[in-house]
Amino acid sequence: GESVGLHLPTLSVQEGDNSIINCAYSNSASDYFIWYKQESGKGPQFIIDIRSNMDKRQGQRVTVLLNKTVKHLSLQIAATQPGDSAVYFCAEGNDYKLSFGAGTTVTVRA
Amino acid sequence: GAVVSQHPSWVICKSGTSVKIECRSLDFQATTMFWYRQFPKQSLMLMATSNEGSKATYEQGVEKDKFLINHASLTLSTLTVTSAHPEDSSFYICSATTRFAEAFFGQGTRLTVV
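So the sequence lines, in the order shown, correspond to chains A and B.
Using this note's numbering, the letters of the first sequence correspond one by one to residues 1 to 110.
Using this note's numbering, the letters of the second sequence correspond one by one to residues 1 to 114.
No lab work stands behind these hints: they were computed from the structure.
Nothing here was measured: the structure is a model prediction, and the numbers come from that model.
A hint or two may mislead.
To be clear about the criterion: a stretch of chain A counts as covered by chain B if any three or more of its residues have a C-beta under 8 Å from a C-beta of chain B, and this derived list gives those stretches [said to hold, decoys possible]:
no., region
1, 18-30
2, 100-107
The list that follows gives simulated cross-link-like pairs (lysine-lysine, DSBU-like), each with its CA atoms no further than 30 Å apart [to be verified]:
no., chain 1, residue 1, chain 2, residue 2
3, A, Lys68, B, Lys14
4, B, Lys41, A, Lys71
5, B, Lys66, A, Lys97
6, B, Lys66, A, Lys68
7, B, Lys64, A, Lys42
8, A, Lys97, B, Lys55
9, A, Lys42, B, Lys66
10, A, Lys42, A, Lys56
11, B, Lys64, A, Lys68
12, B, Lys55, A, Lys68
Where is the CB? At the ideal position from N, CA and C, for every residue including glycine.
Build out the structure end to end from the sequences listed, making use of the hints.
Shown next as structure tokens:
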């Protein structure tokens, strides 16, 4: 499944499939980008980050891609699990200050 | 990752009273902490930047006399909502930044003003 952030704020994905969550950022001077996961009633949980001098970074089951030309950030989740159901936020950082995107709600279907 | 503890996790108060929320970095020193506010089904909105030993920097539209921020040490920042009203009911979240510029968040405080 794939989401385009503000235009499709929800993403439904079958368990075991790969998920792609997209985010457009606004500030070309941002040098730090982070993906967070937020479960209901909890604070954001760090997933993965990437600095502006990179275009790809991989973690455990997650990959973040950064395209500075079009100011686009994506999060790929491999083999999506029920525990991945949450709201996902991208954030862009500049001088320690973060600005958050609107968030994408991911629902994993069993 | 680093641990940021926020207390209390929820609070109910009467209109007109003040409420203090604490944010602690447990295993690192944070010269900068941030306070966010989040309404249901919305993103986090930055309220203010809290710097240890100096005055907080507030975002446009945030009343500094209503949301008092104190950052007395490298591991503690507090947010006091003064003369709370029902419209102040929200989810308040703090974050602390490590020296590597990584931001870690507290678990949030659900404030309900009745």
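Legend entry - Pairwise hint evaluation, B:Lys66 against A:Lys42, where the allowed Cα distance is 30 Å at most: holds (24 Å)
Inset, instruction - Would you mind confirming whether the straight-line C-alpha gap from B:Lys41 to A:Lys71 stays at or under 30 Å? - result: Given that 30 Å is the threshold and the Cα spacing comes to 24 Å, the pair holds.
Inset, instruction - Please work out if A:Lys97 and B:Lys55 have their alpha carbons no farther apart than 30 Å. - result: Holds, at roughly 16 Å.
Inset, instruction - Examine the region 18-30 of chain A for residues whose CB is less than 8 Å from any CB of chain B, and state whether their number is three or more. - result: Violated - the region 18-30 of chain A has 0 residues with a Cβ nearer than 8 Å to chain B, which falls short of three.
Inset, instruction - Would you check the hint for B:Lys64 and A:Lys68, treating anything up to 30 Å between C-alpha atoms as holding? - result: Outside the cut-off at roughly 36 Å; violated.
Inset, instruction - Measure nothing beyond the straight line between the CA atoms of B:Lys64 and A:Lys42; if it is 30 Å or shorter, mark the hint as holding. - result: Satisfied, since the Cα-Cα distance of roughly 26 Å is no more than 30 Å.
Legend entry - Check of the region 100-107 of chain A against chain B for coverage (Cβ-Cβ below 8 Å, three residues minimum): Contact hint for the region 100-107 of chain A vs chain B: holds, 4 residues under 8 Å.
Legend entry - Restraint status (C-alpha distance of B:Lys66 to A:Lys97 at most 30 Å): holds (22 Å)
Inset, instruction - Would you check the hint for A:Lys42 and A:Lys56, treating anything up to 30 Å between C-alpha atoms as holding? - result: Holds, at about 28 Å.
Legend entry - 30 Å limit on alpha-carbon distance, applied to hinted pair B:Lys66 and A:Lys68: With Cα atoms ~39 Å apart, B:Lys66 and A:Lys68 exceed 30 Å; violated.
Legend entry - Given hint B:Lys14 paired with A:Lys68 - CA-CA distance at most 30 Å: It is violated: about 48 Å lies between the C-alpha atoms, which goes past 30 Å.
Inset, instruction - With a cut-off of 30 Å on the C-alpha distance, tell me whether B:Lys55 and A:Lys68 pass. - result: This hinted pair is violated, its Cα atoms lying about 34 Å apart.
Hint compliance for this structure: hints 1, 3, 6, 11 and 12 are broken, all remaining hints hold.
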